[in-house]
Amino acid sequence: MDIDKPLFAGSLICLAPIDREKDAEIESRWTHDAAYMRMLDTEPARPLSPPQLKKRYEAIEKAMDKDKNLYYFTIRLREDDRLVGFARLHRIGWTNGYASIQLGIGDPADRRKGYGREALSLLLRYAFEELNLYRLAVQIPEYNQPGLALFQEAGFQIEVRRREAVQREARRWDLLHLALLKDEWSAGPHASLYEARN
Amino acid sequence: MNTNIFLGSRVRLTAEDPAVLAEVFARWDRDAGFKRLLDDAPPMLWSVEKIKEWIDKDLKKENPRSFLFAVRTLEGDQLIGFLDLWVNWMHGDAWVGIGLGERDYWGNGFGTDAMQVMLRYAFMELNLHRVTLGVFDYNPRAQRSYAKAGFKPEGRLRRELHRQGQRRDILIMGILRSEWLEASHIEPVAVPAGVLEGEK
Chain W
8 MDIDKPLFAG SLICLAPIDR EKDAEIESRW THDAAYMRML DTEPARPLSP
58 PQLKKRYEAI EKAMDKDKNL YYFTIRLRED DRLVGFARLH RIGWTNGYAS
108 IQLGIGDPAD RRKGYGREAL SLLLRYAFEE LNLYRLAVQI PEYNQPGLAL
158 FQEAGFQIEV RRREAVQREA RRWDLLHLAL LKDEWSAGPH ASLYEARN
Chain S
183 MNTNIFLGSR VRLTAEDPAV LAEVFARWDR DAGFKRLLDD APPMLWSVEK
233 IKEWIDKDLK KENPRSFLFA VRTLEGDQLI GFLDLWVNWM HGDAWVGIGL
283 GERDYWGNGF GTDAMQVMLR YAFMELNLHR VTLGVFDYNP RAQRSYAKAG
333 FKPEGRLRRE LHRQGQRRDI LIMGILRSEW LEASHIEPVA VPAGVLEGEK
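These protein sequence lines map, in sequence, to chains W and S. My numbering puts the first residue of the first sequence at 8, with every later residue one more than the last. My numbering puts the first residue of the second sequence at 183, with every later residue one more than the last.
A hint or two may mislead.
[What the hints assert, rightly or not] Some chain W residues near chain S, calculated using beta-carbon distances under 10 Å:
hint	residue
1	Met46
2	Glu50
3	Pro54
4	Gln59
5	Lys61
6	Lys62
7	Gly104
8	Asn139
9	Tyr141
10	Gln152
11	Gln164
12	Arg179
13	His184
[Said to hold, decoys possible] Far from chain W, some chain S residues (derived; all Cβ distances over 10 Å):
hint	residue
14	Arg194
15	Ala201
16	Trp228
17	Trp236
18	Phe249
19	Leu250
20	Asn270
21	Tyr320
22	Gly337
23	Leu358
By construction, these hints were calculated from the structure, which means they are not laboratory data. Note that beta-carbon positions come from the ideal geometry of N, C-alpha and C, so glycine has one too.
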């Protein structure tokens with residue numbers, strides 16, 4: 008047991024709490040980028056105002072406090088604490104030990120810099136070693152190739168291809184279900200991704 | 183247009199008095215085997231009143247995402263189970279769940295017939311593009327029934343269930359509108375040229 012083993016801090020980014028006032032302004036800008044919103048999930052993309060986001064943050068913290076089935080983090084740069092994204096574990100089923108995972112890097116200029124990869128590796132360790140979950144799942148529309156690559160690199164396997172389950176831009180896309188099991192994560196190189204690069 | 187789409191060859195889909203439905207749900211809930219086949223939640227027991235509250239609340243919704251039907255046999259008019267469809271309108275996708283609480287009616291094609299009626303409802307009335315379901319790896323009877331109704335395997339959620347000390351898989355199956363139309367020998371109707379333009 009090493010009590011100082013980092014839990015929330017990587018080398019480039021860290022997992023951090025919400026800052027309701029400041030984050031709402033920044034995330035509102037992200038939500039006005041339809042491409043970002045469509046990559047995130049299959050819900051209807053729509054821009055959100057800072058007050059709407061503040062309400063959402065309140066709801067998120069309430070759910071984390073009361074329902075204990077959501078773990079939500081912001082992703083911030085270590086050098087200046089600037090907000091670059093979010094990561095969460097949701098739809099947790101405690102009896103079966105599963106959860107869904109989701110993360111987003113909001114500004115296109117912040118992508119392809121390894122922030123998402125590092126946040127994902129921190130979140131995986133949190134899920135498997137702190138929450139003692141067994142299985143993490145993610146659903147990715149086939150048009151989100153960067154997302155697919157990120158999760159596959161982390162060891163996630165494609166388990167299900169729900170044919171034509173998504174309708175966007177006047178055509179049908181498959182929805183891919185991926186998952187990573189604790190045994191696979193423990194056995195893979197992914198568990199020590201952060202340590203290896205430090 | 184004159185087909186009664188709620189009618190199958192052995193069963194029909196009905197709406198029931200919530201009090202009647204709550205009564206049978208409460209009884210079926212006490213059948214552990216039924217519950218272990220039905221869903222991945224830990225089996226729980228609820229009063230008839232509590233179950234009725236949920237059904238009432240569901241029925242009050244103005245734009246429902248969920249369509250709950252009871253299943254009755256044509257012969258003898260027995261209430262033997264239920265079907266529920268959860269719709270994602272934006273993408274025309276729905277998840278379906280079925281449960282026959284009366285064990286005497288298992289393995290006789292009643293569930294398959296009910297599912298076929300539900301698929302016709304999904305594609306001919308709700309105009310969905312596809313229907314999805316999940317079935318446990320230890321439920322081969324249901325897997326055969328779904329395959330017979332036209333569902334195709336789309337993959338498996340590995341070791342998603344934790345039951346009786348074992349990790350078990352959930353199989354995901356799906357059926358597309360095009361597949362259902364073809365199997366039902368229904369030609370997709372082409373809109374005559376000019377009709378849509380004329381509406382502008």
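**Message:** So, against the hints stated earlier in the document, which numbers end up violated here?
**Reply:** 1, 3, 4, 5, 6, 8, 10, 20, 22, 23
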